[in-house]
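Just so you know, the sequences run in chain order A and B. Following this note's numbering, the numbering of the first sequence begins with 1 at its first residue and continues without gaps. Following this note's numbering, the numbering of the second sequence begins with 1001 at its first residue and continues without gaps.
Rather than coming from a laboratory, the hints here were simulated on the basis of the structure. Cβ coordinates follow ideal geometry from the N, Cα and C atoms, glycine included. A hint or two may mislead.
Stated by the list, open to error - Far from chain A, some chain B residues (derived; all Cβ distances over 10 Å):
| id | residue |
| --- | --- |
| 1 | F1010 |
| 2 | L1030 |
| 3 | N1049 |
| 4 | S1051 |
| 5 | K1052 |
| 6 | S1055 |
| 7 | L1056 |
| 8 | F1057 |
| 9 | R1058 |
Stated by the list, open to error - Straight-line distance between alpha carbons at most 27 Å, and here's what the computed DSS-like set of lysine-lysine pairs gives:
| id | chain 1 | residue 1 | chain 2 | residue 2 |
| --- | --- | --- | --- | --- |
| 10 | B | K1047 | A | K108 |
| 11 | A | K232 | B | K1047 |
| 12 | B | K1047 | A | K105 |
| 13 | B | K1047 | A | K229 |
| 14 | B | K1047 | A | K212 |
| 15 | A | K220 | B | K1052 |
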Amino acid sequence: MMRSKPQNENSSFRDPAGFIFYRDGTVYRQLNQIYSANYKKLISSGLYNLLVKKGLLISHRESPNNLSPDGKAFQIIKPDMIPFVSYPYEWGFLQLQQAGLTTLKIEKLALEHDMNLKDASAYNIQFVGKNPVFIDTLSFETYKTGSPWVAYRQYCQHFLAPLALMAYNDLRLNQLARPFLDGVPLDLACRILPVSARLNLGLSIHIYWQAKLKADLQAKEGSKTSQIKMDKNALMRLLDNLEETTANLKPRDSSTRWEKYYTFTNYRPTSFEAKKQLVAKMIKRVAPKTVWDLGANDGEFSRLAAQAGAYTISFDFDPKAVENNFAKLSGDNTNLILPLVMDLTNPSPNLGWAGQERMSLAKRGGADLIMALALIHHLCLSNNLPLGHVAKFLAQLGKYLIIEFVPKNDSQVVEMLSSREDIFSEYTETNFLSAFGQYFKLLETKLIPGTVRKLYLFKVDHA
Amino acid sequence: MLEFLVAGFFYFFVFPINVQAYLDPGSGSLIFQVLAASLISVVYMAKRNWSKLTSLFRKDAQSLSQHDEIKTAKRK
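Next up, chain A with everything else stripped away, as it sits in the complex:
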């Protein structure tokens, strides 16, 4: 059988221990000779089995070495697939906190097996539904007696600093991960954090004093890094303190407009229930494997998709709504929902080296079904987006679309337009249908009882 040409993953080039590549639509990881001793120890020490059993590390199967793109593999492994790749600037506070705590838990278990994590990048964690999983099998190295944790600063930049900023200042500061791909610089965090954060012993040490003494210690450390020794118990206490500091951070309660969106809807509970039933029927008709719920708020409708067995990404631009959505997942039986922060009017772009390290939202696209419920009036009327632009954008994201059209005589739209000049003469149901008709085939229309709103089921029509 002819094998297709392998393609290297654009974000996997920094670590000499190996790299990720794709072949025939499957993800593989090549382990180079330089990593052989560490890999053998990871397996033989029982650490790999323990971490996989606890659901902390991605599991893999060993594959034949002749799959290697450069013929230099010590071992090829085939890790489990991650259903959707997400990034720290798309996570809410709780997600980043759990990702950080998972990293520390793994480092502590590794130390118990005389191994160590050589990095603590937030990009080494991926969420499968609500569960954070460490995906970099090449991050483990043999612990050298007395050595400090080389990833300590990285942990502070990728996890502790952004969490502190979100807790003490504002949840929206998760967005700092976008420009600062190697974590928030600690001196910047110090400038933004209120003085009260310094009363927290952990934050005072790990962020404030580390930033303040950086220049002095950099000079002192010089080339003597191998001479710097630290007792293993002391390292464990440092990790305990990082864990305690991370776990004890809590965002200040700041209620947002969207958080109470469903409490203040302009329609009756019976209409809301009827809408849920209509949407559930449409989902059933499409029978999707993957769903993107855009403007999902706290994920009420994402749950309908998950109940139908679809892996559902629940996007909202409000971090508080994403927070509530994620918090509710702990009580759910299924693990098919991933809530993410996403501003659709400015979605995640390609980022990093050569603009290829972190993928844009569109590049990760291709859901079977897109849901855009109670969204279009916000895009068109609050963000001045023409209907045609919205239709074109949504057609790029998936194969089917369930969309709710909220007309101008809807009381919420009336309220939205009460404080501004109505320049939206184009915003009519007729224009909506003709704009979407350019990209989609209409399959079904349903009026939501007790409202003036309608649900439409479309199929992308590329002809």
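Given the coordinates of chain A, work out where chain B should sit on it, guided by the hints.
For chain B alone, coordinates are given in the frame of chain A:
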């Protein structure tokens, strides 16, 4: 108060170390975490001893109140 203690610790231990003449790309985080871990250990020990000390008083207070209860019970 805590802030002053933490500051005092770092000024006492960090600044007397001799400075090398050149900068290394190393972030200084290795030396820093050795110091941080020492400080955390000191705080941890202090907290443990403090709670031991206070629990000693708590025990006394507890036994006293138990004693009082027995006395009251006897009176009844």
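Here is how each hint holds up against the structure:
no.	hint	result
1	F1010	violated (5 Å)
2	L1030	violated (5 Å)
3	N1049	holds (16 Å)
4	S1051	holds (16 Å)
5	K1052	holds (18 Å)
6	S1055	holds (21 Å)
7	L1056	holds (25 Å)
8	F1057	holds (24 Å)
9	R1058	holds (24 Å)
10	B:K1047 - A:K108	holds (23 Å)
11	A:K232 - B:K1047	holds (21 Å)
12	B:K1047 - A:K105	holds (24 Å)
13	B:K1047 - A:K229	holds (25 Å)
14	B:K1047 - A:K212	holds (26 Å)
15	A:K220 - B:K1052	violated (39 Å)
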